[in-house]
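Chemist: Chain by chain, the residues run as shown.
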Amino acid sequence: MNGSKLTLEVLTRHGVDTVFGYPGGAIMPLYDALVDSEVKHYLCRHEQGAAFSALGYSKASGKVGVCFATSGPGVTNLITGLADATADSVPVVAITGQVTSHLMGTDAFQEIDVLGLSLAVTKHAFQVTDVEELESTLHKAFEIASSGRPGAVIVDIPKDIQLAQVTSKPMLVGTNDLGKANDESIQGAVSLLHQAKKPMLYVGGGVSLGNAVSELRMFANKTGMPSVSTLKGLGAADPNDSAYLGMIGMHGTKASNLAVQECDLLMAVGARFDDRVTGKLAEFAPHAKVIHLDVDKAEVNKLRSADVTVLGDFKHSLPKLLNALDSNLLDIEAWRNHCQEMSRDFGFKYLDNRDNSTGDIDPTSMLNQLSQMMPSDAVVTTDVGQHQMWVAQHMSFGEPKNLLTSGALGTMGFGLPAAIGAQLSRPNDCVIAVSGDGSFMMNVQEMGTIKRFGLPLKILLIDNTKLGMVRQWQSLFFDQRFSETDLSDNPDFVRLASAFDIEAETITEPKQVAGALEKMLNSKKAYLLHVRINEDQNVWPLVPPNTANQAMLEG
Amino acid sequence: MQQHLIKIKANNQPTTLEQLLRVVRFRGFKVDRISMNILPQDQALDIQVSVKSKRPIHLLENQLMKLVDINQVYVEQAQAARAHIS
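Chains U and Y supply the protein sequences, listed in that same order. Just so you know, the working numbering puts 385 at position 385 of the first sequence, and the rest follows in order with no gaps. Just so you know, the working numbering puts 569 at position 14 of the second sequence, and the rest follows in order with no gaps.
These aren't lab readings, by the way, just hints derived from the structure by calculation. The beta-carbon is built from N, C-alpha and C at its ideal position, and this holds for glycine as well. Just to be clear, a hint being listed does not mean it is correct.
Selected chain Y positions facing chain U (Cβ under 7 angstroms, derived; list incomplete) [as the list claims (entries may be wrong)]:
# : residue
1 : 572
2 : 574
3 : 617
DSSO-like, lysine-lysine: derived pairs with alpha carbons at most 30 angstroms apart [stated by the list, open to error]:
#  : chain 1 : residue 1 : chain 2 : residue 2
4  : U       : 222       : U       : 197
5  : U       : 451       : U       : 349
6  : U       : 63        : U       : 297
7  : U       : 289       : Y       : 562
8  : U       : 180       : Y       : 564
9  : U       : 140       : U       : 302
10 : U       : 180       : Y       : 585
11 : U       : 197       : U       : 289
12 : Y       : 621       : U       : 302
13 : U       : 40        : U       : 524
14 : U       : 302       : Y       : 562
15 : U       : 40        : U       : 525
16 : U       : 525       : U       : 451
17 : Y       : 621       : U       : 280
18 : U       : 63        : Y       : 621
19 : U       : 451       : U       : 519
20 : U       : 180       : Y       : 562
21 : U       : 140       : Y       : 562
22 : U       : 197       : U       : 169
23 : U       : 40        : U       : 197
24 : U       : 297       : Y       : 621
25 : Y       : 585       : U       : 297
26 : Y       : 585       : U       : 315
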């Protein structure tokens, strides 16, 4: 067989049956091999769309996402998606065509230095220079992408290697051993937990990546510890736990931010003290000792020093911690009651859009209504901006795999192609892409992919004819000097959707909301609900930059 | 500003040195000196790099250990850059 056929065989051996991509000259042999392969290829309309679809597929399913692209511009177009995958620790393998070996380094047509380009944004990058190394390289790529802290891996294959004859040599596939926390660290953590009067769980995206949602919930339930979540951690903590306070940080809930500032012990699980979480780092959780659980040693003591570090697999360390505590559980009833009280007192208040016959549509109430109306196993993707924060604040998720968002890199244009990947990985689940008018236009061409494959995904497009989040900051911190944030020349979104055979409707009044959401959710085909909102609707609370989290602005 | 000598054992791959220098730069360290030997059979690299920064060296050490082709990182010494210059 040739290198292309071998590549697809290795993918199949790793359980890959779905790939996303876009063909071109240097990857034609691989696309030729696809014709006879069991691997199903989904043609996207831009390589960035293919990369984000692979991310969405991976995030919604837990499997490795795979995408293909050709050399030169094909690779450069993938790069943002690969950077996003690495930043959010999503296992993605990208296979790229490269110009023929003897032309490499000659500035050939569609040639680019893929390794130089990708090393900074991937977990690792390979270039295959000998067809005999192709098989082992592909296995290594899957192992690296999915082991430890996951990320993107690129495998660049020159065209002649794709065509060269090779014999497959079956190899053992490595296992993912995250390591186990040592007894000393567990004892150190137990000691701090017993001393604490006001302990708080700070839940990050690592909990879901480590498949430790049930272990985390068991720990929270047995200890009674209140909890807060990062954006990427949403869905990991039990949303029905009365001491779960919601998202923390710049747009976190008032209760979560105040409680963390007050706590005397912060137990970070798969979280990394990101600047959007901590606000002014020196004043973050100022009274708290820190227990930091992670699988990535480089995240520990990076921004906030930990008093106790627990390195290793959460599926092992959380039950072990709980066992060590079991005979003497925490005495924190007063603190738990205090947190519940704050949650009740400072909770979001929603307008009933049905009773609001005059004003504008309130997007926070609408999203909260959608959260209650949609099936419990629905997948929601977001783009980046105000709508993303409203989703995080006002929707509830029972599983982390049900909210797909670009957390660390914050990439506009993520939501629509990610929803395509999610819909293909979970064909029986309702998938809703919540977007803003700025973000939606960044990968709008992927409506062509929705049409081609007849995907029934829903698009909720919240349109304020502005780049809303930037405008909000201009309003608050730049003396209302609105620079390049006006999008009042947006296209007619209903007509645009219609051009892709996607049924669509625009609503402008609160009384239309319930019926329109119901119609969208009941649609058996793709559907776009275009919702016009007031441009001055902002995201609250907001912690200004370099400010302690208790000094949030509340609108 | 602290100066540190880092001794590294790494796989002999075309990207190893490039990755090492990229991470040193990105994490806020400057290279003062670097030397590299290819060990017998071309399988491994022995790299010594002297870096300086205001940032604690463990931040760089932990990031280097994450690189796929780096197998060992050993920080040999830490001294004030000023003392080293004098």
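Chemist: Evaluate each hint against the coordinates.
Modeler: Hints, verified against the model:
The interface hint given for residue 572 (chain Y) is broken, as the beta carbon of that residue sits about 11 angstroms from the closest beta carbon of chain U, more than 7 angstroms. With a cut of 7 angstroms, the hint placing residue 574 (chain Y) at the interface with chain U holds, because the nearest CB-to-CB distance is about 6 angstroms. Because the beta carbon of residue 617 (chain Y) sits about 4 angstroms from the nearest beta carbon in chain U, less than 7 angstroms, this interface hint is met. Note on residue 222 (chain U) and residue 197 (chain U): the hinted pairing holds, with a Cα-Cα distance of about 16 angstroms set against a maximum of 30 angstroms.
Under the criterion of a C-alpha separation no larger than 30 angstroms, the hint pairing residue 451 (chain U) with residue 349 (chain U) is inconsistent with the structure, at around 38 angstroms. Restraint check for residue 63 (chain U) and residue 297 (chain U): satisfied, since their Cα atoms lie roughly 24 angstroms apart, inside the 30 angstroms limit. Restraint check for residue 289 (chain U) and residue 562 (chain Y): the C-alpha separation of about 34 angstroms exceeds 30 angstroms, so the hint is violated. Taking the CA atoms of residue 180 (chain U) and residue 564 (chain Y), the gap is about 25 angstroms. The hint holds against a cut of 30 angstroms.
Restraint check for residue 140 (chain U) and residue 302 (chain U): satisfied, since their Cα atoms lie roughly 28 angstroms apart, inside the 30 angstroms limit. Of the pairs offered as hints, the one joining residue 180 (chain U) and residue 585 (chain Y) is violated, with about 35 angstroms between alpha carbons and a cut-off of 30 angstroms exceeded. With a CA separation close to 11 angstroms, the supplied pair residue 197 (chain U) and residue 289 (chain U) stays within the 30 angstroms bound. Taking the CA atoms of residue 621 (chain Y) and residue 302 (chain U), the gap is near 14 angstroms; set against the 30 angstroms cutoff, the hint holds.
Annotation: proposed proximity of residue 40 (chain U) to residue 524 (chain U) holds, straight-line Cα distance about 23 angstroms (limit 30 angstroms). The hinted pair formed by residue 302 (chain U) and residue 562 (chain Y) meets the criterion: a straight-line CA distance of about 22 angstroms does not exceed 30 angstroms. A distance of roughly 22 angstroms separates the Cα atoms of residue 40 (chain U) and residue 525 (chain U); the hinted pair therefore holds under the 30 angstroms criterion. The hinted pair formed by residue 525 (chain U) and residue 451 (chain U) meets the criterion: a straight-line CA distance of about 10 angstroms does not exceed 30 angstroms.
Straight-line distance between C-alpha atoms of residue 621 (chain Y) and residue 280 (chain U) comes to about 28 angstroms, which keeps the hinted pair within the 30 angstroms bound. Taking the CA atoms of residue 63 (chain U) and residue 621 (chain Y), the gap is about 22 angstroms. The hint holds against a cut of 30 angstroms. At roughly 19 angstroms between alpha-carbon atoms, residue 451 (chain U) and residue 519 (chain U) fall within 30 angstroms of each other, so this suggested pair holds. Note on residue 180 (chain U) and residue 562 (chain Y): the hinted pairing holds, with a Cα-Cα distance of about 27 angstroms set against a maximum of 30 angstroms.
A C-alpha spacing of about 26 angstroms is found between residue 140 (chain U) and residue 562 (chain Y), which places the hinted pair at or below 30 angstroms, so the restraint holds. In summary, the hint linking residue 197 (chain U) to residue 169 (chain U) is not supported, as the alpha carbons are separated by about 59 angstroms, beyond the 30 angstroms threshold. Only pairs whose Cα atoms come within 30 angstroms are accepted, and residue 40 (chain U) paired with residue 197 (chain U) is rejected, the gap being roughly 55 angstroms. Using a Cα cut-off of 30 angstroms, the hinted pair residue 297 (chain U) and residue 621 (chain Y) holds, with the two alpha carbons roughly 9 angstroms apart.
In summary, the hint linking residue 585 (chain Y) to residue 297 (chain U) is supported, as the alpha carbons are separated by about 23 angstroms, within the 30 angstroms threshold. Of the supplied pair hints, the one linking residue 585 (chain Y) and residue 315 (chain U) is violated, its CA atoms being roughly 39 angstroms apart against a limit of 30 angstroms.
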